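Residue numbers (this note's numbering), protein chains in the order written: chain A, 1 to 435; chain B, 1001 to 1458.
None of these hints come from the bench; they were simulated from the model.
Small disclaimer: the values here were computed from a predicted structure and weren't measured.
Hints are not guaranteed to be accurate.
Some residues of chain A that are not near chain B, with every Cβ distance over 12 Å (derived) [what the hints assert, rightly or not]: (1) 6; (2) 78; (3) 153; (4) 155; (5) 200; (6) 212; (7) 216; (8) 235; (9) 255; (10) 256; (11) 269; (12) 292; (13) 294; (14) 326; (15) 388; (16) 407.
One side of the interface only, derived from the structure: several residues of chain A facing chain B at Cβ under 8 Å [unchecked claim]: (17) 68; (18) 69; (19) 126; (20) 239; (21) 241; (22) 358.
Derived coverage of chain B by chain A (criterion: at least 3 residues anywhere in the stretch with Cβ under 8 Å from a Cβ of chain A; other residues may be distant) [as the list claims (entries may be wrong)]: (23) 1101–1113; (24) 1191–1201; (25) 1358–1369; (26) 1377–1391.
Ideal Cβ positions, reconstructed from N, Cα and C, are used throughout, including at glycine.
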Amino acid sequence: MEIAFTRATLDNGLDVIVHEDRDLPIVAVSVWYHVGSKNEQPGRTGFAHLFEHLMFEGSAHHDHGYFPPLQEAGASLNGSTNADRTNYWEVVPTGALDRALWLESDRMGFLLPALTERKFATQRAVVLNERRQNYENRPYGLAGIALAAALYPPDHPYHWPTIGQIADLHAARLDDVQAFFARYYHPANASVALAGDITVEDGIELVRRYFGDLPAGPVVPRLGVAAPPLSGERRVWFADTVEFPRLYLAWHSPAMFAPGDAELDLAADLLANGKTSRLYRRLVFEQRLALDVSAYQSSRELSGVFQVVATSAPGHTLAEIDDVIRETIGGVGREGPTVEELDRGLAQVEAQFVLRLQTVGGFSGKSDQLNAYNTFLGEPGYFGRDLARYRDATPEGIRASVTGTLIARPRVALSVVPRGRVDLALPGSETAVVS
Amino acid sequence: MTVDRSRLPALVEDRAFRFPSVTRATVPGGPALRVVEQHDLPVLALLLVLPVGAADDGPGRSGLAAFTADLLDEGTGELSAIGVHEALARIGAQFDVDTGYDATVVTLVTLAKHRARALSLLADIVFRPRLALEDVERVRTLRVNRLRQLAAVPAAVADVAFARELFGAGPYGHLAIGTTASVEALGEPEARQFHARHYRPADATLVAAGDVDPAELATLAAEALGAVAMRGGPARDPGAASDEARAASGGTARVVLIDRPSAAQSEVRVGSVAAARATADYHALLVLNAALGGQFVSRINLNLRERRGVTYGARSGFEMRRRPGPFVVQASVQTSATAEAVHEVLDEIRGVRGDRPLTSDEIAMAQATLTRGYARSFETAEQLARAVAQQVVYGLADDYYDRFPEAVRAVDGEAVTAAARHWIDPACMSVVVVGDREAVAAPLEALGKGVDVVSAEV
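Isolated chain A, as found in the complex (with noise of 0.2 Å):
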């Protein structure tokens, strides 16, 4: 199973990355700038994010919104920041193709003319409604946060949240808009995906129309911070306007595509995802000592994150819940998954990588995967090789990657309770920082 695709890179540095896929008269445009809220300072948190949003306000060709010539054109479009990573796209009809790359590449080359002060201070208050919707008035909203904190030292890249801190952006100006952009935005520091109605040549070709004159733009180095290790287990509660009490346990964890990094994907499916999962029999369906339990790898450029997030039942403690996680990872860093975990957890891996094929834009469709591969580790055809770190995975490689990971290293265990009722965090934690 591949992507096929064609690269080219342009003089300016930018990459070009097309894939045909015929089958609807649609063009997917993906086009990703390796710059997210790691490459932001303390103190000036949250900028690549409201930067994401001042995108879309206009350009000085078209310094009009731009959203309003792309609907008309039928497409759909997003982009999203994240802590490594910000992305942009457009699913045109095949007739508003160069609508699309015309427009990406003048907010490229030309967004800073057409940026007023008004637009800015719109685009920052709206963001602080977003924090307030996504963050603040829902229930554990800011766990994601209160744990950054605790895993990252302040210095860390990864220790503030993408959306930012809120006195961050109030504080934030315009002057540091046109400093970002200046820094992280231009050709040498992106790259351009097509999928979908199209040949390689055109789309190649028209890349290079749209952008090719664009200046390259300062060559971006990549940030080389490791993750501190935490010095012991951290403890650390909030509350929250919630009903039940909710465990999160974190622990550094391989980087995206590092050794070990698929094998804790793994190890969190059978940890905890779903019903077949020891976690969700013990807690759930057995014991009933929990609401519902997860488990992630979130791995990270720069390092990751594994999770297990569990919600107490009624008259159960997080305490109760803690010692029988513990105790089943403790099972599986002995003696690592059976036979029958592993085929079910491939089968799922198997399917899942297929269905990826079916749309060619959107986030996640084939576009955005080329792109993610060719951004991070400079090989858009990586799908295949993708797939088999999953299918060489064996159960004593999963056994080590949680011994080594969840077993070896100490943890951070957030507690959120219901508001006054402390009494119902883990016993030792101290005051968890969320800002």
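We have chain A; now place chain B onto it with these hints.
Using the frame of chain A, we list chain B on its own:
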């Protein structure tokens, strides 16, 4: 070659899209089959569509349809609750049960090579669930606790209150999940009875899309469903979807406030009972909604988000169901702008009714949004299967998707304004706000519709 940046590139005419053909078949005494072939990837999406949903819960039993549906995968035949999911995992299946108001859809997506096992599992899960007492009680406890959690989610609290304001004790007056009180009263007998009555093979439709041969699928379905197909008798006719007049009690038209002390934002709903899926105004309402609040570039979103910056996003929608469903505008807005947002929403609705009717540019934009790029709605096997399921649930014509673009393009300004005047009237609209009473009650009073403070009833 230099790019001409003085103007945007013109749009080139789209290549026409046609919905793939749908092959029909039947299993004797069993469900109708509809199959869409798509052979580019070895994927198969199976949907079992049952014409029963939350609207059939019955008085005092809200949540029963969803509760029953949730119990389907808790054991069947030799397989325990865990065993069912081990079997699904072994074929890499993505499994989902969705209970809407008008239908319940059980979805299984997997690789085509697993088709025989997928079909037999699906048939067993849907038509032969164990519904064992112990499982029923375990699942009920989980659902009651889930409801207790939802009581802390402002959007859920607002949705519950809004449904009640519009539909009272009617079939659409509650969320599919039900309420804590109603679900606590549900047990094994209710689930068994509901399943026996509503999960009849002859009433169901099996939709398949993907890398599959229709004749082979019919054979496999007959094998999988053979035993259950004997039970249950002939298909019931659910009756044509109705365009009945809006209920006389169509909404309370009041402002309701649910206190959430020191909430970071206010969750807002504004709307009224509107049209059924079968309405002749269907396409006009889609165009109206796209321009009013259904897309990013729409009056309500541009006003509240891009001009005022008081929300991360606001959107409107007509939920057109078998019976007349709601029109709703929803947004989470900053506390200090709560009354302002409600006022602006009502003002934008008044506008499209005639003060400031939609311009021809706005209508053209809405039509383009709905019709150009239409093909991207039909990329995956699951999307194709869901499109066919819509045809089944709402009795849409076979060529419905092929004719959709021309029907939308035929809508003109006059039709849109007339539809707005008929279906959305600010004077009939209910307003629900979940927010900090201390901060928002007085400004809401100033809107002149009064404010009733009520408690959340999730």
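Hints, one by one, checked against the model:
| no. | hint | in the structure |
| --- | --- | --- |
| 1 | 6 | holds (20 Å) |
| 2 | 78 | violated (9 Å) |
| 3 | 153 | holds (28 Å) |
| 4 | 155 | holds (28 Å) |
| 5 | 200 | holds (18 Å) |
| 6 | 212 | violated (9 Å) |
| 7 | 216 | holds (17 Å) |
| 8 | 235 | holds (24 Å) |
| 9 | 255 | holds (27 Å) |
| 10 | 256 | holds (23 Å) |
| 11 | 269 | violated (9 Å) |
| 12 | 292 | violated (8 Å) |
| 13 | 294 | holds (15 Å) |
| 14 | 326 | holds (22 Å) |
| 15 | 388 | holds (17 Å) |
| 16 | 407 | holds (26 Å) |
| 17 | 68 | holds (5 Å) |
| 18 | 69 | holds (6 Å) |
| 19 | 126 | holds (5 Å) |
| 20 | 239 | violated (12 Å) |
| 21 | 241 | holds (5 Å) |
| 22 | 358 | holds (4 Å) |
| 23 | 1101–1113 | holds (count 3) |
| 24 | 1191–1201 | violated (count 0) |
| 25 | 1358–1369 | holds (count 4) |
| 26 | 1377–1391 | holds (count 4) |
Violated hints, listed in ascending order, are 2, 6, 11, 12, 20, 24; each of the other numbered hints is respected by the structure.
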